[in-house]
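Visitor: Letter by letter, the chains look like this.
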Amino acid sequence: MIYFDNAATSFPKPPAVIKAMAEFMATTSASPGRSGHRMALEASRVVFETRETVAELFNVSDSSRIVFTINVTWALNLVFNGLLASQDHVVTTSLEHNSVMRPLTRLVKHRGIELTVVPAGPDGTVDPALIAQALTPCTRLIVINHASNVTGSIAPIRAISRIKGQALLAVDAAQSAGSVPIDMNQLGIDLLAFTGHKALLGPTGTGGVCLAPGIKLEPLVTGGTGSRSEEEEHPDFFPDCLEAGTPNTIGLAGLRAGIDFIRHTGQEKIREHEQGLTRRLMEGLAEIPEVTVYGPADPMAKVPLVSITVAGFPADEICLRLDRDFGVATRGGLHCAPRAHRTIGTFPHGTIRFSLGLFNTFDEIDVALAALRQIVSHRQSYR
Amino acid sequence: MSPTCVAILDSIHYILKAEKILKAREMPHEIVPVPREISSDCGMAILFDCALLMELRRVLSEMGIRIRGAYRSPGSARDGVPNGSRYVSLTDGDNELS
Chain A
104 MIYFDNAATS FPKPPAVIKA MAEFMATTSA SPGRSGHRMA LEASRVVFET
154 RETVAELFNV SDSSRIVFTI NVTWALNLVF NGLLASQDHV VTTSLEHNSV
204 MRPLTRLVKH RGIELTVVPA GPDGTVDPAL IAQALTPCTR LIVINHASNV
254 TGSIAPIRAI SRIKGQALLA VDAAQSAGSV PIDMNQLGID LLAFTGHKAL
304 LGPTGTGGVC LAPGIKLEPL VTGGTGSRSE EEEHPDFFPD CLEAGTPNTI
354 GLAGLRAGID FIRHTGQEKI REHEQGLTRR LMEGLAEIPE VTVYGPADPM
404 AKVPLVSITV AGFPADEICL RLDRDFGVAT RGGLHCAPRA HRTIGTFPHG
454 TIRFSLGLFN TFDEIDVALA ALRQIVSHRQ SYR
Chain B
36 MSPTCVAILD SIHYILKAEK ILKAREMPHE IVPVPREISS DCGMAILFDC
86 ALLMELRRVL SEMGIRIRGA YRSPGSARDG VPNGSRYVSL TDGDNELS
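Which chain is which? The protein sequence lines are A and B, in order.
In my numbering, each residue's number is its place in the first sequence (first place is 1) plus 103.
In my numbering, each residue's number is its place in the second sequence (first place is 1) plus 35.
No lab work stands behind these hints, which were simulated from the structure alone.
Built from N, CA and C at the ideal position, the CB exists for glycine as well.
Some hints here could point you the wrong way.
Said to hold, decoys possible - With a cut-off of at most 30 Å between alpha-carbon atoms, the simulated DSSO-like pairs for lysine-lysine come out as follows:
#	chain 1	residue 1	chain 2	residue 2
1	A	K267	A	K319
2	A	K122	B	K55
3	A	K212	A	K267
4	A	K212	A	K122
5	B	K58	A	K122
6	B	K55	A	K319
7	A	K372	A	K122
Said to hold, decoys possible - Covered stretches of chain A (chain B as the covering partner; in silico rule of three or more C-beta atoms under 8 Å from a C-beta of chain B):
#	segment
8	160 to 173
9	308 to 315
10	330 to 336
Stated by the list, open to error - Cβ-to-Cβ under 10 Å is the rule here; a few derived chain B residues that face chain A:
#	residue
11	L51
12	K55
13	R60
14	M62
15	H64
16	V67
17	P68
18	S74
19	M79
20	G99
Could you build all of it, start to finish, from the sequences and the hints given here?
Guide: Next comes the structure, spelled out in structure tokens:
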């Protein structure tokens, strides 16, 4: 199979990720931070070292302020529920995924927050001036998708952090972390939510949020932490204050190996390869008259994903034919981001998304393009 | 040998952070379960030579790590095992350590 669904979950994983997880399961799979024996201590080291590794990747000065969750959705829910109070104003964009829109919509209804959704351009670009215009004295939080999972467009985070005023800036790095270098300090990000199973090359069930110094959140869950066991109140120090229950230690072992692989390979090298693939795909798609490509025209302005529609074909039919007849895995539909599709004019049918990854090759791009040309040119025989 | 001391930190994260720092500085120490005479906490503690107390405090403080409590055992460690049932608190927290 040619796998072009890396924006959903990356595949394959580096062998080192599989090895780390298998070794953990075989040798170390005790409870971290609980019992006092050596195996539990080794499990604790896995969690600790993963936190340190994430801290180095995103330039977080204090790794204790990295809170692990099971994915970016959970991390974003923690941020919104843990930060926002009645009458707080939130500014976000029309490109956001349901992992942002749904929890915020719920807080509008149940907690009385106020929400402004700033429209992105039809190519999926966000204008910082429009964000600035939406700010009010009550704006507590700006929430921005670092890279859209529909258009691939990369938001101007630095420009937005410059105009944020007293508001905090939360960045949803689901699509960018691992694919685009992120320096939390340099970009002026207050809350960075990430997931492990996409471009960070880790397994599902991993993710988290990095908090800038001074920011406190109310926990989403409380319970056992292994610390202050004599007390029935949840501890107030990081990272325990926002974590509870036995963590996904085996997943974190894999996530650490995934990030190590990225750092060993080099983020710039990865970016260069993925941009090359994206460029090849976009150039090929431009030669098929029936195809409309969405998002920025410049591969430099996006993560390695390309959304298209094909005149005369519903998205799901193209995806089915690519998969069944040519072994090319893509994702069709709304990609859990209905408002993003309204923004680019592809609602309600959605697009066909080719999301590329580090392990894809130029040959695979050529095979997929040939397959698409064949589907389009043999339209009659399919009908 | 100097008497044995035990330092309690907030959580396993800080214990391991401290371990990393102490290893880098080649300061002898052991990571051991928190002695039950000190706390019913199910976490870990740092066992070290009491002669290193002030240096340990300084090094950890530089890294922003809070010492929740430090205790002296009347005896020496036996092969890295905390010895004695009567630990004497050297502090109720970081403030009194200085």
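Visitor: Please go over all the hints and tell whether each is borne out by the structure.
Guide: A quick look at each hint next to the structure:
Taking the CA atoms of K267/A and K319/A, the gap is about 18 Å. The hint holds against a cut of 30 Å. For the hint pairing K122/A with K55/B, the CA-to-CA distance comes to about 24 Å; that is within 30 Å, so the pair holds. For the proposed pair K212/A and K267/A, the alpha carbon gap of about 25 Å is at most 30 Å, so the pair holds. Restraint check for K212/A and K122/A: the C-alpha separation of about 46 Å exceeds 30 Å, so the hint is violated.
As the CA atoms of K58/B and K122/A are separated by approximately 27 Å, the hinted pair is consistent with the 30 Å bound. Between K55/B and K319/A the CA atoms are separated by roughly 26 Å; this keeps the pair inside 30 Å, and the hint holds. As the CA atoms of K372/A and K122/A are separated by approximately 24 Å, the hinted pair is consistent with the 30 Å bound. Residues of the segment 160 to 173 of chain A lying with their CB closer than 8 Å to a CB of chain B number 3, which satisfies the three-residue condition for coverage.
Residues of the segment 308 to 315 of chain A with a Cβ under 8 Å from some Cβ of chain B number 0, which does not satisfy the need for three, so the listed coverage is violated. With a threshold of 8 Å between beta carbons, the proposed coverage of the segment 330 to 336 of chain A by chain B holds, since 4 of its residues qualify and at least three are required. A hinted interface residue such as L51/B counts as satisfied when its beta carbon comes closer than 10 Å to some beta carbon of chain A; here the least separation is about 4 Å, so the hint holds. Against a cut-off of 10 Å between C-beta atoms, the interface hint on K55/B holds, since the closest Cβ of chain A lies about 8 Å away.
Evaluation of the R60/B hint against chain A yields a violated restraint, the C-beta minimum of about 17 Å exceeding 10 Å. Annotation: M62/B was flagged as interfacial toward chain A, and the flag is violated, the nearest CB pair being 18 Å apart, outside 10 Å. For H64/B, the interface hint is violated, the least distance from its beta-carbon to any beta-carbon of chain A being 13 Å, above 10 Å. Taken as an interface hint, V67/B checks out: its beta carbon lies about 7 Å from the nearest beta carbon of chain A, inside 10 Å.
With 10 Å as the threshold, the beta carbon of P68/B comes within range of chain A, its nearest partner Cβ sitting at about 3 Å, so the hint holds. Using the Cβ-Cβ criterion of 10 Å, the hint placing S74/B at the interface with chain A is satisfied: the shortest such distance is roughly 7 Å. The beta carbon of M79/B comes within 6 Å of a beta carbon in chain A, closer than 10 Å, and the hint placing it at the interface holds. With 10 Å as the threshold, the beta carbon of G99/B comes within range of chain A, its nearest partner Cβ sitting at about 7 Å, so the hint holds.
The structure fails to meet hints 4, 9, 13, 14, 15 from the earlier list, while all remaining hints are met.
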